[in-house]
Amino acid sequence: MTGASTGASTGSRIRDVTGTVWAIIALPLIAILLAFGVGAVIILGSELLVGEPFDPLLPLTAYAALLQGAFGSFDAIVDTLVATSPLVFGGLAVAIAFKAGLFNIGAQGQFLMGALAAVAAGVAVSGQPPYIAIPIAVVAGVLGGAATGFLPGFLKAVSGAHEVVTTIMLNYIAISVLAALVSGPLKVPGSPSPVTYDVGNAGYPVVIGRDGHIGIFLAVIAVFVIRWLLYRTTLGFEIRTAGANPDAAAYAGMRPRRLIVLTMVLAGGLAGFAGVDVALGLTHQMTSSFGTTVGFDAIAVALLARSEPIGILPAALLFGAMRSGASLMQIKAGIPVELVDVIQATILLVLVATPVIRRVLHLRGTQNPLATSPTISRSYGSESVL
Amino acid sequence: MRGITKRYPGVVANDHIDLTIKPGEIHALLGENGAGKSTLMNVLYGLARPDEGEILLDGTAVEIASPSDAIARGISMVHQHFMLVPVLTVAENILLGEETMANAVFLDRKEAHRRIVDLGRRFGFEIDPEAKVGSLSVGWQQRVEILKALYRDARILVLDEPTAVLTPQETEEIFAVLRRLAAEGRSIIFISHKLYEVLEIADRITVIRRGRVVGERLPGATDEGDLAELMVGREVELTVDRGTSHPADARLIVSDLHVRDDRGSEVVSGVGFEVRSGEILGIAGVAGNGQDELIQTLIGLRRPVSGTVTLGGQDVTGHLPRAMNEAGVGYVPADRHRWGLVLPFTIADNIVLTSYYRRPFARRFVRDEAAIEKDADRAIHDYDIRTPSATVRAATLSGGNQQKVVVAREFDRDLQLLILDQPTRGLDVGSIEFIHRQTIAKRDAGTAILLVSAELDEILELSDRIAVMYRGAFVAVRDGRTADKNEIGLLMATGGVDRPAEASTEASA
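Keeping their order, the protein sequence lines are chains A and B.
Yeah, the first sequence ends on 386 if you go by the numbering used here, and it's all consecutive.
Yeah, the second sequence ends on 509 if you go by the numbering used here, and it's all consecutive.
No wet-lab data here; the hints were simulated from the structure.
Please read all numbers here as calculations on a predicted model, not as lab measurements.
Be careful, since some hints might not be right.
Cβ pair distances, simulated, as ranges [said to hold, decoys possible]:
| hint | chain 1 | residue 1 | chain 2 | residue 2 | range |
| --- | --- | --- | --- | --- | --- |
| 1 | A | G19 | B | D18 | 58 to 68 Å |
| 2 | B | T391 | A | F224 | 47 to 57 Å |
| 3 | A | G45 | B | D18 | 56 to 66 Å |
| 4 | A | Y172 | B | P86 | 37 to 47 Å |
| 5 | A | F224 | B | R378 | 26 to 36 Å |
| 6 | A | T61 | B | H16 | 52 to 62 Å |
| 7 | B | E184 | A | L29 | 52 to 62 Å |
| 8 | B | A371 | A | V337 | 48 to 58 Å |
| 9 | A | L29 | B | L47 | 24 to 34 Å |
| 10 | A | R257 | B | A371 | 53 to 63 Å |
| 11 | B | T391 | A | F74 | 36 to 46 Å |
| 12 | A | T61 | B | F106 | 50 to 60 Å |
Here are a few chain B residues that sit away from chain A, every Cβ distance over 10 Å (derived from the structure) [what the hints assert, rightly or not]:
| hint | residue |
| --- | --- |
| 13 | K22 |
| 14 | G300 |
| 15 | A323 |
To be clear about the criterion: a stretch of chain B counts as covered by chain A if any three or more of its residues have a C-beta under 8 Å from a C-beta of chain A, and this derived list gives those stretches [unchecked claim]:
| hint | stretch |
| --- | --- |
| 16 | 339-346 |
| 17 | 351-362 |
C-beta: ideal position from N, C-alpha, C; glycine also.
Could you put the whole structure together from the sequences, leaning on the hints where they help?
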């Protein structure tokens, strides 16, 4: 009797656990599958438009090449990890803001300013020994990003200016500042193109393969540090409370304005670290066209990870793999690398449409009124959504 | 409804419930929070699917898969929290989802207005279809909800705690409407926690406990004690013995306080009073007469324009929430979901919501999870919070248990002043008894208590003195043991006809 009942309860507990796990990963998985489906349709459609002999299996060929390009060899895997590491920092930058109920669309601007500051400082100390040069350049980059994050946080705290608006504006300002400095004071004198000196000894050391730099490991460490910060410190508790219920946070004496500024500084610092990662790990110098879209991809990464630090790792890996595998896809299947953008954008769209999808698929969480609360505008990924 | 069973992971919310509603009957459904009333009504309204059992309508089995199904079959629900759009007019709200069209594109406003006004008259009230819902009192908003149901020709009307937000007078008026509805042959399912109301309005009473029907009574053949015992499963003290209070020194002194609301209009105009140690001061008043802003000022969420607040001899005017908290002010909010709890957080995190930064819950800035959990386990035990563990999310608890979490956090320390804002709103008799007992115990321990409520009975039951707040001022102060309910109700509604409000704002005893 007792045996039977405990058996039944264990069974239901396992069902509960799998149910919970499913509830967490179902949406991201569906988003990814749908996005690749949409990508396939676009590939087939473009074939029809171009009028070449129709190959119904072309999407599979393309995706196989994408996979091979990302993971097909040791070097490919290292390249994927290198492409993943800034996305991890960027994803954390967006996620930590989401946790506080802030939508940091300005990760791109903070990323650029972080890279710029890291290069500027790196060039200045390029002759110093690495153990001095690298920390200085890293700190400069993080501060550059943090300063860029501070502005929208400060503006919101004092005047209520919405961070979505101010951070988007700052993205443009960052691009202009970068262009001005790289073609002005930071430019190598006499060089025909706007380019800075090399960061020299401030560059990240390569520790695996051709260009697997230490940023890969720093990114993994950052994930666990942010997780610790969010869940094990009083500051993290304040950030999560402000995101989940700002009124209760105010009542509990948590000083919401101060938290907004602090969170944006942290987020900016993390995005700046993403810039450091690219600048010191990969490019070693700055050109005016320095402008991968790490800061924008980071938004998709954070959404896919539901703003959970641990989730950032697989999410960033997915996007990193797509970026680094795309060129082989172009070579082998003739599909332009931009397809990756389409897939990425589709993932975002699906994730943003979460309530609709939950309802259509009868996913768990439909009965929970919290699940349908405003998502993207206020606090996607803050605990009020889960 | 026959043999309705609904299981959720870990609980059987409804266990083979039979419920028969006759035409023209007002049928009251009684039960504690979490007893399964809402689940049963959700099944009836198509919001939840039963695992077993069937619903028979006029003798034939029907399947109700969604609220629109339910509405099509003449079943309507008036929720406790109104589902109205404040910026739309009465007519527009009623037409939402059930548009009366003149043609394919345009509404037939004229016809709709005529029907709304007619319906209103038929049930004894005049309503202006063009009035904005946001400008109506809660009592009238409720009538709009009922009209909405009638407009859809509801034969079965479910009212979920319709009187929770009403004054005694408004309640009487709504009851008159309900009786007319029943006289027309419509059935009404009336959910309430207030036993005397149920006895007054119901033709038949079904009591549910832990998902089962535990009894059916006729109002003539029962009384409050009997019903409460059925609900809770043990004998309940409906009115806690308040004993004698021993007020000592003045603990909180508020003088000439002026406070503005978010829009900048003055909503507290020169209020002055004192609360003594070991005394309960009740503030009665219809919602929206400045009570919220007064409380917010006392807990530090709002800065007064002028005036002073003194706590235990120290001037705390304009102090921030944390300073107020540390000065020994406890607060149980009326809207626990908004101010009292972080629903997605665990019980443990909610219990340390105001003390998370202090030892033993944190060392410098690192949380001590073990200490937090230990404290939560103790609070769960001391305050009888029914939960599998401290790591359960607050959102999953019943209303009564959620409120116990708040009470555990706010009561469980040395307090100078305890502010209770409708502390038992929406709770069942068992939880109310518990919270009232704790309040009395706090009073006897020498805490000054400020009790704000629109629930007159609660105020009358607990307060040593009662102040009536009307349009930002105290219009009268009465002794709590001798106060007359009707007089207070009238003062709440009118501010006192013969006395100008200004004359009695300085209402210290």
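Hint by hint, here is what the structure shows:
1. Distance hint check: the CB atoms of G19/A and D18/B are about 31 Å apart, inconsistent with the given range 58 to 68 Å.
2. Checking the proposed 47 to 57 Å range against T391/B and F224/A shows it is violated: the Cβ atoms sit about 21 Å from each other.
3. Checked against the given bound of 56 to 66 Å, the beta carbons of G45/A and D18/B, roughly 59 Å apart, stay inside it.
4. Taken as a hint, the range 37 to 47 Å holds for the pair Y172/A and P86/B, whose Cβ atoms sit roughly 39 Å apart.
5. Separated by about 31 Å at the C-beta atoms, F224/A and R378/B satisfy the suggested range of 26 to 36 Å.
6. Distance hint for T61/A and H16/B: a CB-CB separation of about 59 Å, consistent with the stated range 52 to 62 Å.
7. Remark: the range hint 52 to 62 Å for E184/B to L29/A is upheld by a beta-carbon distance near 54 Å.
8. Separated by about 53 Å at the C-beta atoms, A371/B and V337/A satisfy the suggested range of 48 to 58 Å.
9. The given range of 24 to 34 Å is respected by L29/A and L47/B, whose C-beta atoms sit roughly 28 Å from each other.
10. A hinted range of 53 to 63 Å for the beta carbons of R257/A and A371/B is inconsistent with their spacing of about 29 Å.
11. The hinted range of 36 to 46 Å is satisfied by T391/B and F74/A, whose Cβ atoms lie roughly 43 Å apart.
12. Taking the beta carbon of each, T61/A and F106/B are about 55 Å apart, inside 50 to 60 Å as hinted.
13. Against chain A, the non-interface label of K22/B holds: every CB pair exceeds 10 Å, the least being about 31 Å.
14. The claim that G300/B lies off the interface is violated: its Cβ sits roughly 8 Å from the closest Cβ of chain A, which falls inside the 10 Å cut-off.
15. The claim that A323/B lies off the interface is violated: its Cβ sits roughly 8 Å from the closest Cβ of chain A, which falls inside the 10 Å cut-off.
16. With a threshold of 8 Å between beta carbons, the proposed coverage of the stretch 339-346 of chain B by chain A holds, since 7 of its residues qualify and at least three are required.
17. Given as covered by chain A, the stretch 351-362 of chain B passes the check, having 5 residues with a CB less than 8 Å from a CB of that chain where 3 are the minimum.
Going through the hint list in order, the structure does not satisfy hints 1, 2, 10, 14, 15.
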